[in-house]
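Read off the chains here:
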Amino acid sequence: MTAPATTVGRTARPRSKNTGIHLPFGVGLAFVLPAALLFGVFILYPMVAALSYSFFDWAGTRQAGFAGFSNYVTLLTQAPYAHDLRNAFLHNLLLFGGAVLFQNTLGLGIAALLHRRKRTKRMFQTIFALPYLVSPMVIGYLWSLMLSPLFGPVNAILRGVGLDSLAQPWLGDPNLAIWVVVGVTAWQWIGFPILLYGAAMGGIAPEIDEAASLDGATSWKRFRYVTLPMLTPTIGIITVLTFIGAMESMAIPFALGGSSGSPARSTDVMMLLFYRTAFESGNANSIGISSALATVLFLFILVVSVVITRFMRRAERRLF
Amino acid sequence: MTTRKHLVLAGLTVGALALTACAPASDAPASGEQPADGGEEVTLTVWSWQAATAPAWEAIFDVYEEENPGVTIQFEGFQPTEYNQILATGMEGSDGPDIPMLRAYGGVQNAIRAGQLDPIGDDIDGLDQFEPTVLRASEGQEDGLTYGVPFAYQTMQMFYNKTMFDEMGLEEPTTWDEFIDLQEALLAEGVTPMALGAREDWVLPMFHDIVGSARYGGAEFEAAVLSGEKDFTDPDYVASLEMVEQMQQYLDPDVSAIAVADASLQFTAGLAAQWPGGSFDLPTFRDGAPDTEWGVYQVPPPPGSVLDTPVTPGYADGSFGLNASSANKEEALALLSWMATPEFGQIFADEAQQFSPLPGVEYSDPLMQEMNEQYTENPAPYLLLVNFRYGDPAGTAVLGPDIQSLFLGQATPEDLATNLQTGVSTWFTPSP
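Protein chains in written order, with our numbering: chain A, 1 to 320; chain B, 1 to 432.
Do not rely on the hints blindly, as some may be mistaken.
To be verified - The calculated label-pair distances, taken between Cβ atoms and stated as ranges, are:
1) A:Arg159 - B:Ala261: 19 to 29 Å
2) B:Gly140 - A:Gly65: 46 to 56 Å
3) B:Trp427 - A:Ile204: 26 to 36 Å
To be verified - Which residues of chain B face chain A? A few of them, derived with a C-beta cut under 10 Å, are:
4) Gly77
5) Thr81
6) Ser94
7) Lys162
8) Asp166
9) Gly169
10) Leu170
11) Ser227
12) Ala397
13) Glu414
14) Thr418
15) Trp427
16) Thr429
Hints are computed from structural coordinates only; laboratory data are not their basis.
Each residue gets a CB set at the ideal place from its N, CA and C atoms; glycine is no exception.
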């Protein structure tokens, strides 16, 4: 399972050196073909198509001539796209920052606590992972109902226990609404880092921990200087996945603030801008501009993900 | 190492997939169904965004099915917020309907430009009975051809809880002063004067036209702004936006956090006395509080208004068109022809409780009759929808979120007018 992955990354290296197995070319191709076909049809083709769409002018869903980079210029310089893009992009960065903060503090903390519990570990992991199994759209709508200032239970409970000052118009105040989006997103996804960190901690040889313990290291010191450094690869994976998730966040902001990022565009994100441009705009060239937006977002995600991966790999090399 | 690579690769892949999943497909194949011969059973599919009134539509089409044996109409209702995307995808592929319900004005242009719809002007009799403004909703902006049979128009007025008004001894206002006195009286009674779901920006330009259309001049201003004689920074238009600001004191203190469904519940539960909204809302109130009596009035114009009579803003809601790749065009055109008859108009009005643009339709419901009379006597266009949805940003897409900013104290009526003018100027050129 793991061996072919190595060769995917480094095709230049002869296969036999890694695995010791020689496969005739035809047989190898037969094994690769099903996955390659699926990848080609569902991933590669739409990607290349979106890229090509972005270089055309469109009249509705019909191509109306080659446009060069003009869709990109429109997107990055003209109203309303340029302003909306900046605004939405900042919110995506906030989502990423918030998620990283939650996952690497609360998520890691809970995973560390659960790691020491032998009996109830599984149960708690399951409980924390439950929201992650529900559709984010459903999660968003449930929270929007709970946070309703008129009929929602959150404010009713706060008022019921005398915390009237904390009963806020959660989704109506632009300074709060974006944090509600950050919080609900983090709440939903917290189970994911807990599972990954839990698995990574389970993979650390207990002898290392025991040795540190015999040397007199305290529980905190063992976590800080033994467990945490060994989790660096996992932190890297989670950071990259969180980054991708945050940049593509759509369902929860949509459920909480609608397609325009209510109130007053304060919960607007890149995918909502994409959605509005592609499906709600009266612009004949909406496919061209939305494809340009998708391409820009894809390239940004790709470049930053590669940079994060490189950075984390270097950090690992320094450790081991 | 390899696990991590797997995960990173998987992450990148998922990312790429999500980004490109929405990419449209290239040339669509024609509908898979075989054309039906004369005597064979034919199933026509009709798509609509009116999922909420699906039973009414089924009852309407039952009448047609009875009169036309061998034709089965399969009605599929979708959520209004998801419909544009679903229809665009369906029309592009082979799973589209024979007869799609089409958005009006700017909303239908992309489907027309893409050649997904057949022009029907030459095949349908009776299109001349529709008001030109209504018929314009289904015309191609570039070619001027008609692509749909308009089925409904909506009016926008102030609804009120008549049962509550009667208990409090309050009456419909006929002058601006009476209107303000009424709001103050309701505040004094401890009810929210108006329920508004301002968390959803689409209701806000409607609210603006309901209170402010007569102030800025309704159809007169429309003509002036289309010809370039005036623009949105006109003092009268700014004054109409000031009215929206002035109305905030009569809305819920947390109005920006209230969704339309919450506001609707607030109104039907008797927590709010009035509902500035559209005729499309009426069935919701009737279902939500069957024992309550509802009334409707037009907001009287304030001093200094361009128009001295109150008006009812309205717009054509949509039309039914013909999918260019339908395999049952003959039968579909027959159904569309029926939709241009007074019989359809009357059944539609009775069943769906919406206004038919066909002349001579009677409304058994006294409230609807009154609303229709108000509109036909003093109509006004819902300006930003009727004329300013032909480009990006649409007028409503600028003004909606901006009125949220106004309610939050982040913008002034002048800012709103300037933003609106700047926004639509990116694509709109007046034609003197």
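Exercise for the section: Identify whether the interface hint at Asp166 (chain B) stands, where standing means a beta carbon of chain A within less than 10 Å of its own. Expected result: The hint is violated - Asp166 (chain B) has no Cβ within 10 Å of chain A, the shortest such distance being about 25 Å.
Problem - Interface restraint verdict for Ala397 (chain B) against chain A (beta-carbon cut-off 10 Å) - result: holds, 7 Å
Practice task
With 46 to 56 Å as the target window, see if Gly140 (chain B) and Gly65 (chain A) comply at their CB atoms.
Solution key: violated, 20 Å
Problem - Interface hint status, Thr418 (chain B) versus chain A (Cβ within 10 Å) - result: For Thr418 (chain B), the interface hint is violated, since the closest Cβ of chain A sits about 12 Å away, which is over 10 Å.
Practice task
With chain A as the partner, please determine if Trp427 (chain B) meets the hint condition of a C-beta pair closer than 10 Å.
Solution key: holds, 7 Å
Handout entry: Satisfaction of the Glu414 (chain B) interface hint, Cβ to chain A closer than 10 Å
Key = Check failed: Cβ of Glu414 (chain B) comes no nearer than 17 Å to chain A, outside 10 Å.
Practice task
Please verify that hint: Gly77 (chain B), Cβ, nearest Cβ of chain A, below 10 Å or not.
Solution key: violated, 19 Å
Exercise for the section: Take a look at whether the Cβ-Cβ distance between Arg159 (chain A) and Ala261 (chain B) falls inside 19 to 29 Å. Expected result: For Ala261 (chain B) against Arg159 (chain A), whose Cβ atoms are near 22 Å apart, the range 19 to 29 Å holds.
Problem - Restraint check, 10 Å cut-off on beta carbons, for Leu170 (chain B) near chain A - result: violated, 23 Å
Handout entry: Per-residue hint verdict: Gly169 (chain B), partner chain A, C-beta under 10 Å
Key = violated, 27 Å
Problem - Proposed interface contact between Ser227 (chain B) and chain A, which counts if any beta carbon pair is under 10 Å - result: violated, 21 Å
Exercise for the section: Using Cβ atoms only, decide whether Thr81 (chain B) comes closer than 10 Å to chain A, and label the hint accordingly. Expected result: holds, 7 Å
Violation of the numbered hints given earlier is confined to hints 2, 3, 4, 6, 7, 8, 9, 10, 11, 13, 14 and 16; the remaining hints are satisfied by the structure.
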